[in-house]
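Could you put the whole structure together from the sequences, leaning on the hints where they help?
Line by line, the protein sequences give chains A and B. Going by our numbering, the first residue of the first sequence is number 1, and it counts up by one from there. Going by our numbering, the first residue of the second sequence is number 1, and it counts up by one from there.
By construction, these hints were calculated from the structure, which means they are not laboratory data. Warning: the hint list may mix true and false statements.
Claimed, not checked - Pairs of lysine-lysine residues, derived as BS3-like cross-links and limited to a Cα-Cα distance of at most 25 Å, are as follows:
(1) B:K210 - B:K233
(2) B:K471 - A:K209
(3) B:K210 - A:K87
Below are the chains, spelled out letter by letter.
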Amino acid sequence: MEIGYYPGCALHGSSNDYESSVRACLSALGVSLRELDDWICCGATAAHCLNQKLAVALPARNLALAERDGLPQMLAPCPMCSMELIKAGSLLAQDAELRREISEIVELPVSGSTQILNLIQIFQKIGAARIKEAAVHSLEAFCPACYYGCLLTRPPENLRFDDCEQPSSMETLLRELGAQPVDWNFKTECCGAGMTIAHEETVLDLSNKILSNAAAHGANCIVVACPMCQVNLDMKQAAINARHGTAHDLVVYYLSDLVGLALGLDQQALGIDRHFVVRK
Amino acid sequence: MARIGVFVCWCGENIARNVDVQAIAAAAAEEPGVACGVAYKYMCSDPGQTLIGEKIAAERLDGIVIASCSPHMHLKTFRKTAQRQGLNPYLVEMANIREHCSWVHHDREQATAKALDLIRMAVAKVRRDQALEPIRVPVTRRALVIGGGVAGIQAALDIADAGYQVVMVEREPSIGGKMAGLSETFPTLDCSQCILTPRMVDVAQHPNIKLYTCSEVESVDGFLGNFKVTIRKRARYVDIAKCTGCGQCWNACPSKKNLSQFDYGMGTRTAIYVPFPQAVPARPVIDPAACIRLTKGKCGICAKKCQAGAILFEDHDELVSEDVGAVVVATGYQLYQIGRPEGDDKLSGYGEYGYGRYPDVIDSLQFERLVSASGPSGGELRRPSDGQVPKTVVFVSCVGSRDNAKGLSYCSKICCMVNAKHTMLYKHKVHDGQAHVFYMDIRAGGKNYDEFVRRAIEQDGAHYHRGRVSKITEENGRLIVRGVDTLAGEPLTIAADMVVLASAIRPAERVEELAQKLNVGYDEFGFLSESHPKLRPVETNAAGVFVCGVCQGPKDIPESVAQASAAAGKVLVMFSHENLSREPEIARVNETTCAACFACRRACPYHAIDQAEIRDRGGKLIKRTARVNPGLCMGCGTCVAVCPSKSADLDGFTEQQIYAMLECLA
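Quick look at the structure:
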C-alpha cells in the first residue's frame, strides 16, 4: 500500500524521532510513504488566529499538491497538521465559491477530496487484526496511560473516529497487542502546548497533573500520537520534577513506538533512544 | 342534466377585497350543469345557511359548491346544512377561494380569474359525486390499557368507574411504574407511594379491571371498536391464584445477591421476590436467570417452603386473546443510558462523566431509591461505594437533554424540578451537607413550581451554578467535578462525595415495536404521535387508539394524570354509542377487475386490505381479490396509486373526478 505523507514542521525538526518511528513502523507493516513534494506549513495555530482565509489557503496548497500528485489518501502524523488539513478539506468540499477562490490563491486547482489520516486512523485503516498477525512480541509488560490531548479527536464534527471526550481507540489497539492500558482521568486534558515557549511554568504545572494522574492510576509509561504532547511530557519531565519536587520517570512513547516494538523493531530504529526519558 | 348551486362567500372583506364575488357568482351560473350562482356576505352565518337551504329546495339542487374558506374550517357546517334540506352531505364540495386565493394574491383581476377556476373545478367534481352513507361499525365496549404506571392506572380506573370493562397489561411483575419508585413528589414533597399505592390497590380490587402482569401485547388485529389483542403472559413460575403472599419462599431463597431492578441496581433481592412491599399483585415472581433451580437444576427450597404449592418451576409463556373496542397506550419512559453504547452513535455520549465506572455517580431515579423510605438503605442516604453519608453532592441537569451533539434535542421537562426536589430531600436528610446544581436554564413553569425552586435555593441553601460540567474524575475517593460557572465567567471545580446526573427522558424500550403493531406513528425519538398537537392531543392517527403519559412526550405526574383522564374521556365518548360512524370517503376495490396481485395490501399503511375469495353457489373458488376493510381504511389513497390494474378507487375522490377537475384548467 502506498500512501501520501505530509510530515509537517515538527517531524522534520524537533520531533524527527517521531518520523523515524512512523516510517519504521509503517514500513514493517508494508505501507510505503510518499512524501508530498514541495509541501508548505499547515498554518497551525498562527494562521487561524490571524486570518481565516490564510488558515484555509495554507493547508489547501498542500491538498492541491496531493491532488496534483494523485494521492487520494495522505498521512499527517501531527494532529495539528491533520486537523488543519481535514478542516480545510471539508470547507472546500462544501463550497464551490471557496474552491474557486482558493484555487486561484494557491495557483493550483483544489477540490478538498484528499482523505487525511492521523496516526490512529492509519492503524485503524491497516486493521488491528493485521497488525496483531504481524506482531512478534507481546506488549504485556507495558501498562500505558493513553494520552490523546486536545487536538487528536477534535473538532468532533471533522474527526469522527472516536468519542472526543472519552476516547478509547489507542487502548483498543494496544490491548490487542497484549498491553494493559490503565483507566485514568486525564486523557484529553491540555498539556500546555505552545505555552512551552511563551510561559513554561504553565506547561510544567499542567503536564505535571497529567504525569501524576497517570502514575497514580498505575501507568508505567505514557502513549501519545502528537509531537507537541511528547515534547512537553518527555523533554520537560526533568524540569517538572525540579519544579514540583516529584520523581516522575515515565517513558513517553509514540503510538508507533509501541506498535513497532510489538513488530520486533529495535529502539534505535524507532528513535526511542533519542527521547529524554529512556528505559535502559 | 345536473342541477348544481354555486354559493360564493364574501367572508366579509376577506374574500371580497381581492375577488369580484358578484362577477364570479354570475359567471359560475353560466357553467354547464349549474342551476344558480349566489353571492352572500357570510355564507356560514345563520342567514347564509338559510339562503343555501332555500335555494336547494327552490331550485331542486342535486349538488352544491360553496366557494369560501378551507374545508378544514367549514365543510362539516355546510354538509349539515345540506343534510337538513334532505340533500346527501357528500354532494357538497368546497372551493377554497380564501386561503388558496384572496389571502395570497393582491392582483384583483388575476385573483378573480383564479377563484373562478377553483369553482369550475369544484363543479366538475360535484357533478361526479355519488351520494355516500356513513359507515357504521359495531363497538365492543371494553378497553385495553397498555402500561400500569400512574397514567395507565388513572385511565383504567376512570373507564372502569364509568361501568366498562378494562384489560390492563403490564410488562413488569407489579403495576405502579416509575412513580412507585419515587421518594417524594414536587412541588408539595408528599410521599409518592402514599398517593399511588391506594390507587394500585383500587386497580387490583376493581370488579371491572382484569390485570395481566409480566405480560406484553404480542399482536393486535381488527379495527376501531373491534380489536382482537393477543397478550403474551411471560412465565412467572408462581401460581398467583394459589399463592397467599406469605413470604416463606423469598425469606428462604439462597440466591440473594441479585441486583434489584426496582431499586435500579442500588439494592439487592432474592431470586424469588416481590419487587417492593406494596406491589400489586402482592405475589412473588421468580427471576429465571438468578434461580438456582432453573439455572442449575438444584435447590427448590422455595417449593419446599410453600404451603400452598404455588411454585411452578415448569411454568412457560402463555398466549391469551382479548376482544376490546379501544386501546389506551401508557407505556411511559426510560432514562437516557449515560455513556452506554447505543445503536445510534450520538446517543453513546457522556462517557466523560464516569457513570458506570464510578459507583458514586448515579442517575436521578437511583437517587430516588437512595432517599426513599422503602429504598435499600431505609431512607438513610448512604453513597453506594462505601456507605458513607455524602457531605457534598453535585446535581447535573440536562445530561442528554437539549444536546444536539451527543444526545437529544428536546427538553426532558421535569429535571429542573427533580433537581430542586433532590437538593431539598438531601438537605432535609443531611443537615450539614451542601448541594450544588449545574444547570443551563431553570425551567419551572407550573403551578407553585418556581416558588419551589426558589425555596430550594433560598431556604435550603442549594448552590446553583449556571454552566455545564465538562468532566468527572476520581481522586483519592472523591469525585472531582469540573465545570464552568458562566455567570461568574470562570471555571469551577467541586470535590464531591456523590454526583447525581439528571439523565434525559426517552420513551420506554421497544415502544416502536408496539407502535407498529398498533399502527400508531412516532417521532424520531420514539415518542408516540398524537393526532393534532393542540386539538386532538390524546387521539392518534389509528382510530380507536389513544395515548397518555410520557410515551407521548416528557411530562410530570399531574400532566400525565390529566392526560390519562382525557384519554379515558375519549374512550367513554366512543363507548357511549352502540355503533360508531365513520367517514365513508374510503377506498373501494373493483373485484371484477382486481388481478389479486395484492400490491395494495403491501402498500397500505393501515393494514386495511384483506385477501378475499369469491366463490360460486357450489362453494367453488372463482377468484381471489383484494377487499377493503371499511373499519380500518383511512382513505389515504395509497392503494389507488399503486394498483397496476386501476381496480382501486377512492369514494368521494375518484380518479375520474380528479381528472375532470384537471381538465377544467386546460
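For each hint, the structure was consulted:
1. Annotation: proposed proximity of K210 (chain B) to K233 (chain B) holds, straight-line Cα distance about 13 Å (limit 25 Å).
2. Of the supplied pair hints, the one linking K471 (chain B) and K209 (chain A) holds, its CA atoms being roughly 15 Å apart against a limit of 25 Å.
3. For the proposed pair K210 (chain B) and K87 (chain A), the alpha carbon gap of about 62 Å is over 25 Å, so the pair is violated.
The earlier numbered hint that this structure contradicts is number 3, and it is the only one.
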